[in-house]
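Engineer: From first to last, the protein sequence lines stand for chains A and B. FYI, the numbering for the first sequence is 1 to 99, going by my numbering. FYI, the numbering for the second sequence is 1 to 168, going by my numbering.
Hints should not be assumed to be uniformly reliable.
Unchecked claim - In silico PhoX-like pairs for lysine-lysine, Cα to Cα no more than 25 angstroms straight-line:
| id | chain 1 | residue 1 | chain 2 | residue 2 |
| --- | --- | --- | --- | --- |
| 1 | B | K129 | B | K72 |
| 2 | A | K91 | A | K24 |
| 3 | A | K66 | A | K97 |
| 4 | B | K83 | A | K82 |
| 5 | A | K62 | A | K24 |
| 6 | B | K88 | A | K62 |
What the hints assert, rightly or not - A short list of chain B residues far from chain A (calculated; beta carbon distances all over 12 angstroms):
| id | residue |
| --- | --- |
| 7 | R46 |
| 8 | D67 |
| 9 | M90 |
| 10 | D96 |
| 11 | L105 |
| 12 | L120 |
| 13 | Q126 |
| 14 | L130 |
| 15 | R147 |
| 16 | L152 |
Unchecked claim - Which residues of chain A face chain B? A partial, calculated answer using Cβ under 10 angstroms:
| id | residue |
| --- | --- |
| 17 | S2 |
| 18 | L4 |
| 19 | G47 |
| 20 | A50 |
| 21 | L54 |
| 22 | F77 |
| 23 | K82 |
| 24 | E84 |
| 25 | V88 |
| 26 | Q90 |
Think of the hints as simulated: they come from the structure by calculation, not from any bench. If you're wondering where the values come from, they're calculated on a predicted model, not measured in any experiment. Glycine included, each C-beta is placed from N, C-alpha and C at the ideal position.
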Amino acid sequence: MSRLIVVACGAGINTSTVAEDIIKQRVEQEGFTDVVVKRILMADIEGYLARPDLVLVVSMMKIFRKFEVPVFQGMPFLIGTKEEKEVVLQKILDILKKK
Amino acid sequence: MLTFNEKLVALDLDAVDARTVIEVLAGKLHGQGLVVAEYGQQTYAREVEHPTGLPTNPFCIAFPHADADGVKESSLALAILSKPVVFKNMADPEEDLQVFLVLMLANRNPEEQIQTLRNLALLFGQPDKLAALRDQSTAEKAVTWLRGELHLNQQSVPNSRASERRDS
Numbered sequence: 001m002s003r004l005i006v007v008a009c010g011a012g013i014n015t016s017t018v019a020e021d022i023i024k025q026r027v028e029q030e031g032f033t034d035v036v037v038k039r040i041l042m043a044d045i046e047g048y049l050a051r052p053d054l055v056l057v058v059s060m061m062k063i064f065r066k067f068e069v070p071v072f073q074g075m076p077f078l079i080g081t082k083e084e085k086e087v088v089l090q091k092i093l094d095i096l097k098k099k
Numbered sequence: 001m002l003t004f005n006e007k008l009v010a011l012d013l014d015a016v017d018a019r020t021v022i023e024v025l026a027g028k029l030h031g032q033g034l035v036v037a038e039y040g041q042q043t044y045a046r047e048v049e050h051p052t053g054l055p056t057n058p059f060c061i062a063f064p065h066a067d068a069d070g071v072k073e074s075s076l077a078l079a080i081l082s083k084p085v086v087f088k089n090m091a092d093p094e095e096d097l098q099v100f101l102v103l104m105l106a107n108r109n110p111e112e113q114i115q116t117l118r119n120l121a122l123l124f125g126q127p128d129k130l131a132a133l134r135d136q137s138t139a140e141k142a143v144t145w146l147r148g149e150l151h152l153n154q155q156s157v158p159n160s161r162a163s164e165r166r167d168s
């Protein structure tokens, strides 16, 4: 079964596309072939939380609630420095390596 | 292709609020036939629902846009404000941000503009670059500078790592 990362934002056009693309490219570079990165609307998140293949959530919005899977703040992908982007990428890769 | 030229820049714009900035930029895009006449209205409605203010340094920026339906041709409009206006924070709609620079990316298809989005995200993370953009003295200079940073003149190579190239 492939593993799913969702990138959730309020409206889903320009901003989550950046985060999705950066994560996707890095995940491929690191050789994970079983990982799917998908951008979604925060309003649709409930349907994804129930999925057994979901491994983590990247949220472009402030995080107000708890999830069963790890959740990371994705805003650095849009406005962070290279170092700040790298910090979030490392957290994501750590989760993927644990399996 | 992304259309961006000096007629799509509002320099030293003196606007009372976010809505005015959005209407001015949408009006410029509509003036060149790049978006529908209602694009400003659509973008403002979306801004109220899903704000696009970003807490960047040394000043905040905003990145308003609406659905692709109203976009005829992917294009970018830029406003540099003479005094800040309030946009709400994208990550936290309760928070007011004092915004000095507004980039309206009217996008037919986000995947098609992914390289531009990536380059914008690189820019947003560098305070000296944002300051340099704000300090451009004419619309022509602002266009040349931003086209260079976003590598808009060399996008014929798909999936190229434009961010790693230094010549423009």
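Engineer: Evaluate each hint against the coordinates.
Structural biologist: Hint by hint, here is what the structure shows:
Proximity of K129/B to K72/B is assessed by CA-CA distance (about 30 angstroms); at most 25 angstroms being required, the pair is judged violated. For a cut-off of 25 angstroms, the pair hint linking K91/A to K24/A stands: about 14 angstroms separates their Cα positions. Between K66/A and K97/A the CA atoms are separated by roughly 23 angstroms; this keeps the pair inside 25 angstroms, and the hint holds. Distance check on the hinted pair: K83/B and K82/A sit about 29 angstroms apart at the alpha-carbon level, beyond 25 angstroms; violated.
For a cut-off of 25 angstroms, the pair hint linking K62/A to K24/A stands: about 22 angstroms separates their Cα positions. For the suggested pair K88/B and K62/A, the alpha carbons sit about 13 angstroms apart, so the restraint of at most 25 angstroms is met. A beta-carbon of chain A comes within 12 angstroms of the beta-carbon of R46/B; the shortest separation is about 6 angstroms. Listed as outside the interface, D67/B is inconsistent with that label: its C-beta sits roughly 7 angstroms from the nearest C-beta of chain A, within the 12 angstroms cut-off.
Here M90/B does not stay apart from chain A, with its beta-carbon only about 7 angstroms from theirs, under the 12 angstroms limit. For D96/B, the shortest C-beta to C-beta distance to chain A comes to about 14 angstroms, beyond the 12 angstroms cut-off, and the non-interface label holds. With a closest Cβ-Cβ approach of about 6 angstroms to chain A, L105/B is found to fall inside the 12 angstroms limit, against its non-interface label. Distance check for L120/B against chain A: the nearest CB is about 8 angstroms away, which does not clear 12 angstroms, and the non-interface claim fails.
Taking the minimum C-beta to C-beta distance to chain A, about 7 angstroms, the non-interface status of Q126/B is violated against the 12 angstroms cut. Remark: the non-interface label on L130/B conflicts with the geometry, its nearest Cβ contact in chain A lying 10 angstroms away (cut-off 12 angstroms). The Cβ of R147/B lies farther than 12 angstroms from every Cβ of chain A, with a closest approach of about 18 angstroms, so its non-interface assignment holds. Look at L152/B: its CB is around 16 angstroms from the nearest CB on chain A, clear of 12 angstroms, so calling it non-interface holds up.
Taking 10 angstroms as the C-beta cut-off, the interface hint given for S2/A is violated, the closest approach to chain B being about 20 angstroms. This hint is violated: L4/A has a C-beta 19 angstroms from the nearest C-beta of chain B, more than the 10 angstroms allowed. The restraint placing G47/A at the interface with chain B is violated, with a minimum CB-CB distance near 19 angstroms, outside the 10 angstroms limit. Evaluation of the A50/A hint against chain B yields a violated restraint, the C-beta minimum of about 24 angstroms exceeding 10 angstroms.
About 22 angstroms separates the beta-carbon of L54/A from the nearest beta-carbon of chain B, more than 10 angstroms, and the hint is not met. Interface hint at F77/A: satisfied, since its Cβ lies 6 angstroms from the closest Cβ of chain B, which is below the 10 angstroms cut-off. At its closest, the beta carbon of K82/A sits 7 angstroms from a beta carbon of chain B; the interface hint therefore holds under the 10 angstroms criterion. Against a cut-off of 10 angstroms between C-beta atoms, the interface hint on E84/A holds, since the closest Cβ of chain B lies about 7 angstroms away.
At its closest, the beta carbon of V88/A sits 12 angstroms from a beta carbon of chain B; the interface hint therefore is violated under the 10 angstroms criterion. Violation of the interface hint for Q90/A is found here, the shortest Cβ-Cβ separation to chain B being roughly 17 angstroms, above the 10 angstroms cut-off.
This entry does not satisfy hints 1, 4, 7, 8, 9, 11, 12, 13, 14, 17, 18, 19, 20, 21, 25 and 26, going by the numbered hints stated previously.
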